[in-house]
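**Q** Residue strings, one per chain:
There are 4 protein chains.
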Amino acid sequence: MSLNTFGHLFRVTTWGESHGPALGATVDGVPPGVPIDEAMIQHWLDRRKPGQNKYTTQRREPDAVKILSGVFEGQTTGTSVQLMIENTDQRSKDYSEIMEKFRPGHADITYWQKYGIRDYRGGGRSSARETAARVAAGGLAREAIKALAPDVQITGYMVQMGPHGIDRARFDWDQIEQNPFWVPDAQAAEDWAVYLDELRKSGNSVGAVIEVVARGVPAGLGAPIYGKLDTDLAAAMMSINAVKGVEIGEGMAAAALTGVENADEIFMGNDGQPVYSSNHAGGILGGISTGQDVVVRFAVKPTSSILNTRRTITKSGEATEIVTKGRHDPCVGIRAVPVGEAMMACVILDHLLLHRGQVGANRGQIG
Amino acid sequence: MSLNTFGHLFRVTTWGESHGPALGATVDGVPPGVPIDEAMIQHWLDRRKPGQNKYTTQRREPDAVKILSGVFEGQTTGTSVQLMIENTDQRSKDYSEIMEKFRPGHADITYWQKYGIRDYRGGGRSSARETAARVAAGGLAREAIKALAPDVQITGYMVQMGPHGIDRARFDWDQIEQNPFWVPDAQAAEDWAVYLDELRKSGNSVGAVIEVVARGVPAGLGAPIYGKLDTDLAAAMMSINAVKGVEIGEGMAAAALTGVENADEIFMGNDGQPVYSSNHAGGILGGISTGQDVVVRFAVKPTSSILNTRRTITKSGEATEIVTKGRHDPCVGIRAVPVGEAMMACVILDHLLLHRGQVGANRGQIG
Amino acid sequence: MSLNTFGHLFRVTTWGESHGPALGATVDGVPPGVPIDEAMIQHWLDRRKPGQNKYTTQRREPDAVKILSGVFEGQTTGTSVQLMIENTDQRSKDYSEIMEKFRPGHADITYWQKYGIRDYRGGGRSSARETAARVAAGGLAREAIKALAPDVQITGYMVQMGPHGIDRARFDWDQIEQNPFWVPDAQAAEDWAVYLDELRKSGNSVGAVIEVVARGVPAGLGAPIYGKLDTDLAAAMMSINAVKGVEIGEGMAAAALTGVENADEIFMGNDGQPVYSSNHAGGILGGISTGQDVVVRFAVKPTSSILNTRRTITKSGEATEIVTKGRHDPCVGIRAVPVGEAMMACVILDHLLLHRGQVGANRGQIG
Amino acid sequence: MSLNTFGHLFRVTTWGESHGPALGATVDGVPPGVPIDEAMIQHWLDRRKPGQNKYTTQRREPDAVKILSGVFEGQTTGTSVQLMIENTDQRSKDYSEIMEKFRPGHADITYWQKYGIRDYRGGGRSSARETAARVAAGGLAREAIKALAPDVQITGYMVQMGPHGIDRARFDWDQIEQNPFWVPDAQAAEDWAVYLDELRKSGNSVGAVIEVVARGVPAGLGAPIYGKLDTDLAAAMMSINAVKGVEIGEGMAAAALTGVENADEIFMGNDGQPVYSSNHAGGILGGISTGQDVVVRFAVKPTSSILNTRRTITKSGEATEIVTKGRHDPCVGIRAVPVGEAMMACVILDHLLLHRGQVGANRGQIG
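For the record, the sequence lines run as chains A, B, C and D.
Numbering-wise (the numbering used here), the first sequence opens with residue 853 and increments by one.
Numbering-wise (the numbering used here), the second sequence opens with residue 853 and increments by one.
Numbering-wise (the numbering used here), the third sequence opens with residue 853 and increments by one.
Numbering-wise (the numbering used here), the fourth sequence opens with residue 853 and increments by one.
One or more of the hints may lead you astray.
Pairs involving identical chains hold if they fit within one copy or between any two copies, as the list cannot separate such chains.
To be verified - Straight line, CA to CA, 35 Å or less: simulated DSBU-like cross-link-like pairs of lysine-lysine:
| hint | residue 1 | residue 2 |
| --- | --- | --- |
| 1 | Lys1053 | Lys998 |
| 2 | Lys1167 | Lys901 |
| 3 | Lys998 | Lys1177 |
| 4 | Lys906 | Lys1177 |
| 5 | Lys1167 | Lys918 |
Simulated from the structure, these hints should not be mistaken for laboratory data.
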């Protein structure tokens, strides 16, 4: 990862601000011959799109993606793909309040301290709008994965909102698409709706935990020591706005386990592939995929743009107070679900290519 | 990060296996004129060295570092620095048990599946011995930091061993060097000694959480969007063997907070720099340092090399059982403390250089 | 350099095909606070623009650049800058001839062999139109250089067209802008006009040698061993379409010199800086700039798109003949002049940043 | 390429100075399962070894390579390979003359200006001894190529020494190994011996042109636009000490050709692969290999270490004169032959891996 680029072979560079003319992703290293069109990418962008229900920002943008390069007659050509999304809902508003003040918990102050430039219009480059470009790139990555590892299925969902976790006993894949929270637990969906409604009305916000699972990932992906699959996933997820923690498999809870408890014992499956008694490892050992589900979780902090008054300073160093008006999500974690999926897709594709480049195919047979 | 290399400008490539002739770090992008000698690096290696007490592996190696290049008359020259550590305690032993069996929870199986080569001698490249090279590189990074940001102080310590956390009310920096666990809580040190002793005797192992704090980091470090300071720290820590989770500031607990609770309110300090009412952010906003303490935590899983019998398979796919004899740490988290510090040092230095390269100096003054 | 990206810190990724909707450059690592607007970049694009005289392709495009990101209120923000040029003159034409046949000397056949995709519309990604994106990026680089090294002046010109070289005794900087060939020799300009006119009428094409000089480059730029200033310049120039050779200073002619002849003897100048008796080195020793003029030359082969009949094969392997109709330059070298300048600007800026990152400022004083 | 590293997937980082304890190459991205041992690498190092005849420096070193990592039981493991060569012939000598003076045409002055550190012992990092590490890495690359593209044959030879070129009509592959100049022309070998003997006695030196040919390279290698095969070859060769020019195919002479002359017409060969009437392109079109011989030439300037007196300055800025005594090559170009071959091997392997990573296999069939 390097400034605005991530990936080894499948390299994504995003650009654009929340209130500029457009934003997008320049995607390099795309395998040739991948069938793709704008609708296939739009499908994923629509999932992230704000304004779809009362729990996400009321900014309404079509977020229509245009493919400007790298695709010819419905297939990728192997050259750089430009995915552009024009900003259309840049309503002119009064920024005088925010222009001079730093929002606590926001990148306002650090961008200013670093660059001496402050794009006060909606956060500029630090806005969550940047994640639309990731989702577009992820849509392309998903199509490319199909040709290389057709069994891969990537699904994200929320497992915690504020203090409220899901009940894993009620886990139901089919529920995920049935509620505005992408939560695999119907009861939680109901409870969270009540909780978030109240929070929203109070002008407050709350954090969340998102889990992203990649099923069907072949064994052997990952490039130890510093390009480990989990290393790249950790970086990918931590790079998403507002993320403060990343876990693989047991995650932080692994600290409390003993070696006996943590051991995923190994057996031979009926299909001649190893199977495991459990998946504490989250599908990754020594930075390389085992063939089990790859499981990543990340925590999103509550948005700092809230209606409650907080104390802060101005650019000229004077003490003041701030209230952030405008269109904001009470739980930005909701819209982080498709973003997490997109990052997983990009990392998996990148490692499929990297593995094929260095190794060709998995070499060690068992049995 | 790329296979065996990490860093943008300060780039560290590690090499070597646990039972080969040597291992080391090839360090590129080192600023010229940094005063350095082997003793200065050895100081940090000695902290990581195994066999110092009964809680770490009884493998005894001097781990003596040699500087083979990039230093002339006591100063770095600006060219690549080779730091080599020869392996001396490679006692010949009977690997017949481990040669054909995969240890549950270990990288044995994935390295085999990926590469079709298995260096069964002590884990080969996936051994924790690789982290000695990081510590050496980190020692060099610390010296280079002194010239660029002399106020930076990097300290790691354990905050949890198995189910036992520290009591933050008893936090005492001075305790860290006083006990074999690098724990800043004298009472915890006593309790953990009893706990770990018992665990060790039972042949079991346990996980841990390490916290690394960088104090005195100037505001403005970090390269959004994908080279964020927290992104690079997450990758750096996740790349350490056995790490399963990484947190910045509040970490996973941020999910349970509301925006009101999470806000680090801003004030002007007496020295004309911003001060904050709290540090939920862990010193990083929008991927850029705020000038507060940079706080990272990571969880280390229990080592999979335990004396308890577990079920597994052989390379030829037959069901079997395994017991891992030999020299192992009941809590590898202990020795991860200096490793975490080293990774923090490398990342901070890298971002000091990267920031200086792109921006020169912080540009936005407050007040 | 990596697929569609070049640069260490100042990183340029270009995208787009000759006949797609648009092409452009995604530019990362730009220092913040550089004053820039579209007109400042357009200035350089206009120099490269085709159709300005009878010696360049008659394709007429405004080549109007749009800045889509990374600039706010007339200054760079430090985030990724998107420079887009829409393709407007994509006249629909009959590609049936070229669709199935490979043009000798053209990338048609290799793109097909590699990717199995052939964008037959004007060469697709291999078209010289891609160089417009470089010129745009170079325009931005020039402005950024002004803040870091204001004395730098980058000038390109032709020194050879086909068999006709310039007479160095007549070298006149002021002539460069006075003729359609960017040639610093008024007599050559006249002679070449006659020569090229005849060649153009015959449907043939011819090669050229371009020289690009950077004056005022401070001593100390360049990152040995593999990021040498001359290494990066060689790569930068060789990456331009149709370039077959690159020289620094004496270039290939250095082979014929003895050590005595080649020695650039060193003296102290009146300003306390070293001066040299000659500049065989082309301003670079050991990969690092000396403070003398940085001198690069590159040879551009004649375009393969000519009206003369040549033998070739079809995609299905049948022998055939081909004549390339359409709008083409008899000497593509002419339009390579601003491209070479742009690449020089990008490389110099990149090394200014890289040097500042690693070293801070030059450290070794003389005298 | 980045400071001391080159390559995309097959990445080589070299380290070490001419008079330090050792130097070497840290090689990452090596495919697993490549049969290798020290003797196989030593074979190539022995070709570069100085002191083999009176035309190369009389420094006598065994240049014995040690494999310190990444190889287990005679095969590469897929992890980083450390190739170390200890410096044994570091005879202590009087450097007082050279310590304070800058040698004209040498990197002494620029290293000093950049880094403020001067390793005066034999040139330090800028010494041609660094190229031994490249040759070692190239030896490993050659073995890895065998598995991926067994038909590839890489051969370098001199085509010009000072003003004396070879006669292509006398070109004989078998001659290359028969003379101390690696020249494929027996008559030239005789003439050059006389010429160089005289030059050597006069204390002077001379430049050379080396040509490196890779036969049997499959079509489809190269990653346009900035990772072109010719771009990477140009960078690879230009990064070798003392190289001032690089040519692909026709090289600089392409400028003098017309499109008609330069066209390599295409036919179908008997084996169903395209064949060409000529190879002006040097086996590369649009940055991608055609399947023809890949032909690269580079010019090496005469060494600046000569016995003739030249004027220069001291570190304190005083005018002085210098004569470089000691062991030096009258024509460093001779020993550049195995170095050029090694760089070709590394680049070809890197592109084989990169191509396999992105594309898998060539996709476009002809016929």
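**Q** For each hint, tell me whether it holds in the structure or not.
**A** Quick rundown of the hints versus the structure:
1. Neither within a single protomer nor between protomers do lysine 1053 and lysine 998 lie at most 35 Å apart by alpha-carbon distance, with minima of 43 Å and 50 Å respectively.
2. Taking identical chains as interchangeable, the C-alpha atoms of lysine 1167 and lysine 901 lie at most 35 Å apart only when both belong to the same chain, with a minimum of 33 Å there against 44 Å between chains.
3. When the C-alpha separation of lysine 998 and lysine 1177 is checked against a cutoff of 35 Å, the pair qualifies neither within a copy, at 43 Å, nor between copies, at 40 Å.
4. Taking the closest pair of Cα atoms, lysine 906 and lysine 1177 come within 35 Å of each other only inside a single copy of the chain (16 Å); across copies the shortest separation is 59 Å, beyond that limit.
5. In this homomeric assembly, lysine 1167 and lysine 918 come within 35 Å of each other (Cα to Cα) only across copies, at 31 Å, whereas the closest approach inside a single copy is 38 Å.
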